[in-house]
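The lines below spell out each chain.
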Amino acid sequence: MLLSDFGRIGFDPFLEMRRMQQEMNQRLAGLTAGTAQEFPPINLWVGEDRVAVSAELPGIAPDEVDLTVRENTLTLKGERTPRMEDEKFVWHRRERVYGSFSRTMQLPFRVDPEKVEARFANGLLEVELHRPVADRPKKIQIKG
Amino acid sequence: MAQELKTTERQVPSKLDGSERTRSRPVIVPRADIYETQDNVVLLVDMPGVASDGVDITLEKRTLAIRGYAADQPHQTYRQVYAEYGVGDYERVFTLSEDIDRDGIEASQKNGVLRLVLPKTAPAKARKIQLKTA
Numbered sequence: 042m043l044l045s046d047f048g049r050i051g052f053d054p055f056l057e058m059r060r061m062q063q064e065m066n067q068r069l070a071g072l073t074a075g076t077a078q079e080f081p082p083i084n085l086w087v088g089e090d091r092v093a094v095s096a097e098l099p100g101i102a103p104d105e106v107d108l109t110v111r112e113n114t115l116t117l118k119g120e121r122t123p124r125m126e127d128e129k130f131v132w133h134r135r136e137r138v139y140g141s142f143s144r145t146m147q148l149p150f151r152v153d154p155e156k157v158e159a160r161f162a163n164g165l166l167e168v169e170l171h172r173p174v175a176d177r178p179k180k181i182q183i184k185g
Numbered sequence: 299m300a301q302e303l304k305t306t307e308r309q310v311p312s313k314l315d316g317s318e319r320t321r322s323r324p325v326i327v328p329r330a331d332i333y334e335t336q337d338n339v340v341l342l343v344d345m346p347g348v349a350s351d352g353v354d355i356t357l358e359k360r361t362l363a364i365r366g367y368a369a370d371q372p373h374q375t376y377r378q379v380y381a382e383y384g385v386g387d388y389e390r391v392f393t394l395s396e397d398i399d400r401d402g403i404e405a406s407q408k409n410g411v412l413r414l415v416l417p418k419t420a421p422a423k424a425r426k427i428q429l430k431t432a
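So the sequences go chain by chain: A and B.
Letter by letter, the first sequence follows residues 42 to 185 of this note's numbering.
Letter by letter, the second sequence follows residues 299 to 432 of this note's numbering.
Careful: at least some of the hints might be erroneous.
What the hints assert, rightly or not - Here are the simulated lysine-lysine pairs, BS3-like style, with alpha carbons at most 25 Å apart:
(1) A:K179 / A:K156
(2) A:K118 / A:K179
(3) B:K408 / B:K418
(4) A:K118 / B:K408
(5) A:K129 / B:K408
(6) A:K129 / B:K418
(7) B:K359 / B:K418
(8) A:K156 / A:K180
What the hints assert, rightly or not - Taking CB as the label site, the calculated pair distances span:
(9) A:T122 / B:A363: 26 to 36 Å
(10) B:Q428 / A:T122: 48 to 58 Å
(11) B:A363 / A:E105: 49 to 59 Å
(12) B:Q336 / A:E105: 48 to 58 Å
(13) A:Q63 / B:R321: 24 to 34 Å
If you are wondering where the hints come from, they were derived from the structure by calculation, not from laboratory data.
Backbone N, C-alpha and C fix where the C-beta goes; we use that ideal spot for every residue, glycine too.
Build out the structure end to end from the sequences listed, making use of the hints.
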């Protein structure tokens, strides 16, 4: 009886509540997706006497990234600039991050600055660094 | 509520048509920018690791689905010690407004960013409806 009364006057509080919940969830989803992570996100792999670092750098040209190696740290620097061809535009959605970034990561061992291979394809940077020969662990034979 | 909040982890199961995928890779919702200029609506979608032949765009009625398939990372013999991002397929669906010229949509992929230009059609002319007197 109560519900049908609401239907007649054109206001359903449950529908309104559901709509509010949906709207709230959408807003929260946008908030965390946009700000939660550091830029760029990196992955780190360790092999025998070498370490591989990969970073997601979409929208950045290979010559816009600055890579420096020092002892056991690797620094990634660069800037992501928005490329809008038109002066007049209205945002509908803005989730991608722009601006300059700099990240320094500590590697598990010292690396040889002369032996660094970096590849950049489709917005994915892959850097492979090698441990200097002098620093490699030496196996010691035990005499019986 | 809890189930809704899970989607903020950027990894959601594919639910485009309520079915499951056959490949058991994670599905990532890519970040997107959408802006509107005088003539176009432009979409920029971040899909790092996806080559231009790995992009799949479908438009069915007003539903624009964007999918990107990334290549596997070549570090099988290595041990992963730290991870901030996961590798998977990208998938995102948008509903377009009706005033888009569907035949003039342009897509390009550069440095892992997909750029879609959706041209707006001329605004529909307002039509006055005459009432007939019986």
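Checked hints:
Taking the CA atoms of K179 of chain A and K156 of chain A, the gap is near 20 Å; set against the 25 Å cutoff, the hint holds. As the CA atoms of K118 of chain A and K179 of chain A are separated by approximately 35 Å, the hinted pair breaks the 25 Å bound. At roughly 23 Å between alpha-carbon atoms, K408 of chain B and K418 of chain B fall within 25 Å of each other, so this suggested pair holds. Between K118 of chain A and K408 of chain B the CA atoms are separated by roughly 20 Å; this keeps the pair inside 25 Å, and the hint holds.
Distance restraint check for K129 of chain A and K408 of chain B: the Cα-Cα separation of roughly 23 Å lies within the 25 Å cut-off, and the hinted pair is therefore satisfied. For the hint pairing K129 of chain A with K418 of chain B, the CA-to-CA distance comes to about 15 Å; that is within 25 Å, so the pair holds. Proximity of K359 of chain B to K418 of chain B is assessed by CA-CA distance (about 16 Å); at most 25 Å being required, the pair is judged to hold. This hinted pair checks out: K156 of chain A and K180 of chain A have alpha carbons roughly 23 Å apart, not beyond 25 Å.
For T122 of chain A paired with A363 of chain B, a C-beta distance near 29 Å keeps the hint of 26 to 36 Å intact. Checked against the hint of 48 to 58 Å, the pair Q428 of chain B and T122 of chain A passes, with Cβ atoms roughly 54 Å apart. A hinted range of 49 to 59 Å is violated for the C-beta pair A363 of chain B and E105 of chain A, which are about 31 Å apart. Evaluation of the 48 to 58 Å hint for Q336 of chain B and E105 of chain A yields a failure: the beta carbon distance comes to about 29 Å.
A hinted range of 24 to 34 Å holds for the C-beta pair Q63 of chain A and R321 of chain B, which are about 30 Å apart.
In summary, the structure is inconsistent with hints 2, 11, 12 from the numbered list given earlier, while agreeing with the others.
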